[in-house]
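A.B. asks: Top line first, the protein sequences correspond to chains A and B.
Take the first sequence: its letter number 638 is residue 638 in the numbering used here, and every next letter is one higher.
Take the second sequence: its letter number 349 is residue 349 in the numbering used here, and every next letter is one higher.
Keep in mind that a hint or two might mislead.
[As the list claims (entries may be wrong)] Taking lysine to aspartate or glutamate and the EDC-like style, the derived pairs with C-alpha atoms no more than 16 Å apart in a straight line are: (1) LYS616/A with ASP172/B; (2) LYS613/A with ASP384/B; (3) LYS627/A with GLU265/B; (4) LYS593/A with ASP552/A; (5) LYS466/A with GLU521/A; (6) LYS272/A with GLU306/A; (7) LYS616/A with ASP384/B; (8) LYS622/A with GLU423/B; (9) LYS623/A with GLU423/B; (10) LYS333/A with ASP362/A; (11) LYS622/A with ASP451/B; (12) LYS623/A with ASP636/A; (13) LYS602/A with GLU265/B; (14) LYS213/A with ASP231/A; (15) LYS622/A with ASP636/A; (16) LYS187/A with ASP485/A; (17) LYS593/A with ASP289/B; (18) LYS442/A with GLU430/A; (19) LYS479/A with GLU521/A; (20) LYS593/A with GLU285/B; (21) LYS593/A with GLU284/B; (22) LYS602/A with GLU423/B; (23) LYS627/A with GLU423/B; (24) LYS509/A with GLU462/A; (25) LYS109/A with GLU199/A; (26) LYS566/A with ASP636/A; (27) LYS613/A with ASP451/B.
If you are wondering where the hints come from, they were derived from the structure by calculation, not from laboratory data.
Just so it is clear, the structure is predicted and the values come from calculations on it, not from any experiment.
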Amino acid sequence: MHLLEKNYFSLKGFVRLHTGTVSVVCEKKLSLFQEKIDMSAYPVESIRNFSIIAHVDHGKSTLADRLLEITGTIAKTDRNKQVLDKLQVERERGITVKAQSASLFYNYKGVNYLLNLIDTPGHVDFNYEVSRSLSACQGVLLVVDANEGIQAQTVANFYLAFEAQLAIIPVINKIDLKNADPERVEKQIEKLFDIPVNECIRISAKQGTNIDKVLEKVIEKIPPPQCNTTDPLKALVFDSTFDHYRGVVANIAVFGGEIQKGHRIVSAHTNKRYEVNEVGILTPNEQPTHKLYAGQVGYLIAGMKEVTEAQIGDTLFMYKQPVEPLPGFKSAKPMVFAGMYPVDQTEYNNLKSALERLTLNDSSVTVHRDSSLALGAGWRLGFLGLLHMEVFNQRLEQEYNTSVILTAPTVPYKAVLSSAKLIKEHGKSEITIINPAQFPDKHSVSEYLEPTVLGTIITPQEYIGKIIVLCQDRRAVQKEMLYIDEHRVMLKYLFPLNEIVVDFYDALKSLSSGYASFDYEDAGYQAADLIKMDILINGNPVEELSTIIHNDKAYATGKYLCERLKDAIPRQLFEIAIQAAIGKKIIARETLKAYRKNVVAKCYGGDITRRMKLLKRQAEGKKLMRKIGNVEVPRDAFIRVLKRQPEK
Amino acid sequence: GSGARLRGGVPLVAAAGWYCWYSWGAAATRTSGCCRLCACKGQHPGVRLVGIRGPCAVRAEPGPFCGTAVCPTDTLCPQWPYCRKHCSYCSFNKYVVPAVDEAAVRACLVREAQTLLRLGHVRSVTSVFFGGGTPSLAAPRTIAAVLEAAAEVAYLPAGAEVTLEANPGSADPARLSGFRAAGVNRLSLGVQSLDDAELRLLGREHTAAEARAAVEAARQLFPGRTSLDLIFGLPGQSHEAWARGLEAALGLCDDHLALYQLTLERGTALEAQVRRGALPEPPEELLADMYLSARTALAAAGFHQYEVSNFARKGARSTHNLSYWRAEQYVGVGPGAHGRFVPWGEGGRQREARVQTPHPDAWMREVRSCGHGTRRRAALSPLDQLQEVLALGLRTDEGVTQQRWGLFSPRLSLEAAFGAPGEARELQERGWLRLNGRALRCTPAGLPLLDSLLPALLCQLRRRWNAVQEEDGGGRDSR
Chain A
1 MHLLEKNYFS LKGFVRLHTG TVSVVCEKKL SLFQEKIDMS AYPVESIRNF SIIAHVDHGK
61 STLADRLLEI TGTIAKTDRN KQVLDKLQVE RERGITVKAQ SASLFYNYKG VNYLLNLIDT
121 PGHVDFNYEV SRSLSACQGV LLVVDANEGI QAQTVANFYL AFEAQLAIIP VINKIDLKNA
181 DPERVEKQIE KLFDIPVNEC IRISAKQGTN IDKVLEKVIE KIPPPQCNTT DPLKALVFDS
241 TFDHYRGVVA NIAVFGGEIQ KGHRIVSAHT NKRYEVNEVG ILTPNEQPTH KLYAGQVGYL
301 IAGMKEVTEA QIGDTLFMYK QPVEPLPGFK SAKPMVFAGM YPVDQTEYNN LKSALERLTL
361 NDSSVTVHRD SSLALGAGWR LGFLGLLHME VFNQRLEQEY NTSVILTAPT VPYKAVLSSA
421 KLIKEHGKSE ITIINPAQFP DKHSVSEYLE PTVLGTIITP QEYIGKIIVL CQDRRAVQKE
481 MLYIDEHRVM LKYLFPLNEI VVDFYDALKS LSSGYASFDY EDAGYQAADL IKMDILINGN
541 PVEELSTIIH NDKAYATGKY LCERLKDAIP RQLFEIAIQA AIGKKIIARE TLKAYRKNVV
601 AKCYGGDITR RMKLLKRQAE GKKLMRKIGN VEVPRDAFIR VLKRQPEK
Chain B
1 GSGARLRGGV PLVAAAGWYC WYSWGAAATR TSGCCRLCAC KGQHPGVRLV GIRGPCAVRA
61 EPGPFCGTAV CPTDTLCPQW PYCRKHCSYC SFNKYVVPAV DEAAVRACLV REAQTLLRLG
121 HVRSVTSVFF GGGTPSLAAP RTIAAVLEAA AEVAYLPAGA EVTLEANPGS ADPARLSGFR
181 AAGVNRLSLG VQSLDDAELR LLGREHTAAE ARAAVEAARQ LFPGRTSLDL IFGLPGQSHE
241 AWARGLEAAL GLCDDHLALY QLTLERGTAL EAQVRRGALP EPPEELLADM YLSARTALAA
301 AGFHQYEVSN FARKGARSTH NLSYWRAEQY VGVGPGAHGR FVPWGEGGRQ REARVQTPHP
361 DAWMREVRSC GHGTRRRAAL SPLDQLQEVL ALGLRTDEGV TQQRWGLFSP RLSLEAAFGA
421 PGEARELQER GWLRLNGRAL RCTPAGLPLL DSLLPALLCQ LRRRWNAVQE EDGGGRDSR
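Could you put the whole structure together from the sequences, leaning on the hints where they help?
C.D. replies: Here's what the structure looks like:
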């Protein structure tokens, strides 16, 4: 009973995400008593490892649900909506953040096949995770919406699979839709990806049309993994999750040898030794097995305490039998930074533990303690990208019921130092600047650098004009322009990353009535004319509002910040000048006039109780004011200026 | 000399209020006996009976007098809750009903007045102010009944100021003389504007001509004691229109004017129209200009500003309102009335903020069953009271006097609270505040900014107050 209870609670997170989940819990409890599956029944030749890749909303998760149903992995019910998307935020946004995997058993022409579906995150922010997932596969299903056609993310995903030399099976989904035009999509695929029209499978994942054809193609087109059970153990960690009772659960693909309970293994990245407690497959819930053999995909529990011990891309091998690590391992590199602060400082410790719990499951977020005079104690978090940041914030609010202030995102700039003194101080000539306070002076710098991305935009042609103007406005340089069919155009632009971190995607969506899609990939650093802009209130600089910006944008940004600050500071007894300055030069100014009269006209009888309450609250509020010179600035004024604008 | 002086032909026994010099300090001359007014025998906590050492309304009759903040001298504020029509800007507790059972309301007002005056051990009623609603809609005999009731249970000096709020629509000469006969000796007329379009916007039921006639009639019957209420800062009102209106009012008025900037209160028709954008919101700069230029115009006409919105000439200040701004005690009677007094009768020791039940029918039921319809009571701590003393006192030209402050704060003097470096000092340096041996008060330049000065002053007061409490180590018995 004790064991059952423990398992029941460890399932809580899962249960909460499903409505009407009683039956799910029962199924799981029953499975605990099932016999362990003997994985030796599936030799390498009968194994296929594949992923589904698609643009957002093109039906990747629905197709996965159907595949799970048809192979009997899950019961066929109406409830099976995106079974692999376990996070609430994933269900809400229709995206996959954490890759989930499932092993499917399928009999085809008398042979029992083990098909490992390795789900991938659906967004380039998680590009690295996608590429690691793909490295565990030999093929992909490239799902394209029959109505929307190829979108920016389809292109990015295709190239990831193509570069990994995987078998690519194009699947045209949603053919049941009224406006579906599979022929046009087939032509797009032929033109862009050079895949013959007749290789596309037309399906409707929603209605279950042609799903068996997909499975046939998986078996016929995708090669079995190239590996041998007799080789020494070599396993790729392509994902990891954290379980409060069992520690880290690492998802692994076995590239050689076999692995079972009691084996002593080593991480190539950390060189730490572990003893295997449990191995198994995902169906999609964890199902223990006796062993995992070369070519198979499953999970492993080996007493790892933190997800950082099971880094994505790491290679595991048998103790004293080291192997050449699998290529492509990289530590997560944050591309977008934002300050995170509790709304109320008394919530600091709660937020801290929520952050810790969440980062247990997402090692790609970097966390540095930070504090701001305006916002109090908090953290500077690094994210893989904007979506990653948003998803993280949403998970924090939803799963841990914690409300936070997120400041406007910034990107990591670099400076190539020319001052010998500074080089000595930093121990290197190129430094990364995350905080404007660290921005080195122009005189001691030979060059400033900013991160760039290569953006792909796919749009109906009528919006091209507006989109080009938008891109130019964002300092982007056009690299390519291609008609993918008679109506749709693919544009490629090199963007400074900071130009797209705030509201580019919203702007693009609104000027194209939602039809244009956008995706980007890292494109390194470029030289940039960067400056540090200060905001002054009556001549006194406000440290937390200092920003690093491109010279061309200084005026517009300065004006905007001054205007927002003017709206956020209450009028006072004297005139207040709000200025944006670069060095000593003032580039923008707003003036908040002094109060001339604010005394309430009437103060009799019942009013006094109410008035006193208000006055006492104001008196209390004065304690919370931040004094800049003699100007009292409410804390929320900075929050209002620093916070990201709500999406329109 | 005699405290009972004649002013404007009317005896003003209570003109200076029923307070006396007193002190807890060594300088006080301790005397024995009991307070002549409240017969309190010095049993109020923290109070010693002292000899009278200064200007006092009752100096003519010397004798021991406790004269403290807790000495039960009160003003009385009966409320008549009914109106004939809802005004578009008014958020007061008022009811428009087809028929009022006046005898019943009268009986309840009388009963509640007596109950509460007894509860507060009120020995002397220094002034009476009939508010509302529209109290001029009540019959003169109702007014008379309330005054008689007060006189039965407390000392109501013959010359005590008795003000009635009146609307021009119910202020014909016959009614007004009825009110005078009932004991009313001061009239506050809700003229609001002398422009018919503005009156319509405000939802008033009278016209400018009716207002003029009412003022004429009132001045005949209450010479030197008629006040006019005017409103400025109406949506769409220009500076010129206000200047013209004020000029017209100056040509018409007696010796007292109240100029109120329109407050757009939530829940009123006017506020909703402005919020919807159907009417323009008056710009703050314009409102400031209107207020400042009106002050200048009134000063030129010989009026002295004795409170943020109140102006008087020839000494025609309202003693009732002054005692309110001096944070004296008052007993509120009637639906929704507010009061501030110590309920000695129930063994109370602290001043309470009290509110009567707002709805007239419910209020009457309660009065009939328990003698009063008090709905809410909240004890005011000594610091709460001091904060009120400050917030109200600074609205007046006299400010918060050392002497008044001392009544409420025996341990922390005005000097000690605001003389030390801090917010008050800064505000003095900026020329908005003045602290001298007599009082703490706003300068003419500081008065319009009072609501920005107060939070800072409250901060300083709280700090100093807490420091003194700590010095006392949790409270040396001040008795």
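A.B. asks: Now tell me, hint by hint, if it's right for this structure.
C.D. replies: Cross-check of the supplied hints:
For the proposed pair LYS616/A and ASP172/B, the alpha carbon gap of about 44 Å is over 16 Å, so the pair is violated. Distance restraint check for LYS613/A and ASP384/B: the Cα-Cα separation of roughly 10 Å lies within the 16 Å cut-off, and the hinted pair is therefore satisfied. With a CA separation close to 32 Å, the supplied pair LYS627/A and GLU265/B exceeds the 16 Å bound. With a CA separation close to 30 Å, the supplied pair LYS593/A and ASP552/A exceeds the 16 Å bound.
Taking the CA atoms of LYS466/A and GLU521/A, the gap is about 22 Å. The hint is violated against a cut of 16 Å. For the hint linking LYS272/A to GLU306/A, the alpha-carbon distance of about 12 Å falls within 16 Å, and the restraint holds. At most 16 Å may separate the alpha-carbon atoms for a hinted pair to count; LYS616/A and ASP384/B meet this at roughly 10 Å. The hinted pair formed by LYS622/A and GLU423/B meets the criterion: a straight-line CA distance of about 11 Å does not exceed 16 Å.
For the hint pairing LYS623/A with GLU423/B, the CA-to-CA distance comes to about 13 Å; that is within 16 Å, so the pair holds. Between the alpha carbons of LYS333/A and ASP362/A the distance comes to roughly 13 Å, so the proposed pair stays at or under 16 Å and holds. Only pairs whose Cα atoms come within 16 Å are accepted, and LYS622/A paired with ASP451/B is accepted, the gap being roughly 13 Å. At most 16 Å may separate the alpha-carbon atoms for a hinted pair to count; LYS623/A and ASP636/A meet this at roughly 13 Å.
Between the alpha carbons of LYS602/A and GLU265/B the distance comes to roughly 12 Å, so the proposed pair stays at or under 16 Å and holds. A threshold of 16 Å between alpha carbons decides the hint, and for LYS213/A with ASP231/A the separation of about 34 Å lies outside it, so the pair is violated. As the CA atoms of LYS622/A and ASP636/A are separated by approximately 13 Å, the hinted pair is consistent with the 16 Å bound. Taking the CA atoms of LYS187/A and ASP485/A, the gap is near 8 Å; set against the 16 Å cutoff, the hint holds.
A threshold of 16 Å between alpha carbons decides the hint, and for LYS593/A with ASP289/B the separation of about 14 Å falls inside it, so the pair holds. Taking the CA atoms of LYS442/A and GLU430/A, the gap is near 14 Å; set against the 16 Å cutoff, the hint holds. In summary, the hint linking LYS479/A to GLU521/A is supported, as the alpha carbons are separated by about 14 Å, within the 16 Å threshold. Among the hinted pairs, LYS593/A with GLU285/B is consistent with the structure: their alpha-carbon atoms are about 10 Å apart, no more than 16 Å.
Restraint check: the Cα-Cα separation between LYS593/A and GLU284/B comes to about 11 Å, which is no more than 16 Å; the hinted pair holds. The hinted pair formed by LYS602/A and GLU423/B fails the criterion: a straight-line CA distance of about 25 Å is larger than 16 Å. With a C-alpha separation of about 13 Å, the suggested pair LYS627/A and GLU423/B falls inside the 16 Å cut-off, and the hint holds. This hinted pair checks out: LYS509/A and GLU462/A have alpha carbons roughly 14 Å apart, not beyond 16 Å.
Between LYS109/A and GLU199/A, the direct Cα distance comes to roughly 21 Å. Violation of the 16 Å bound is thereby established for this hinted pair. A C-alpha spacing of about 13 Å is found between LYS566/A and ASP636/A, which places the hinted pair at or below 16 Å, so the restraint holds. This hinted pair checks out: LYS613/A and ASP451/B have alpha carbons roughly 13 Å apart, not beyond 16 Å.
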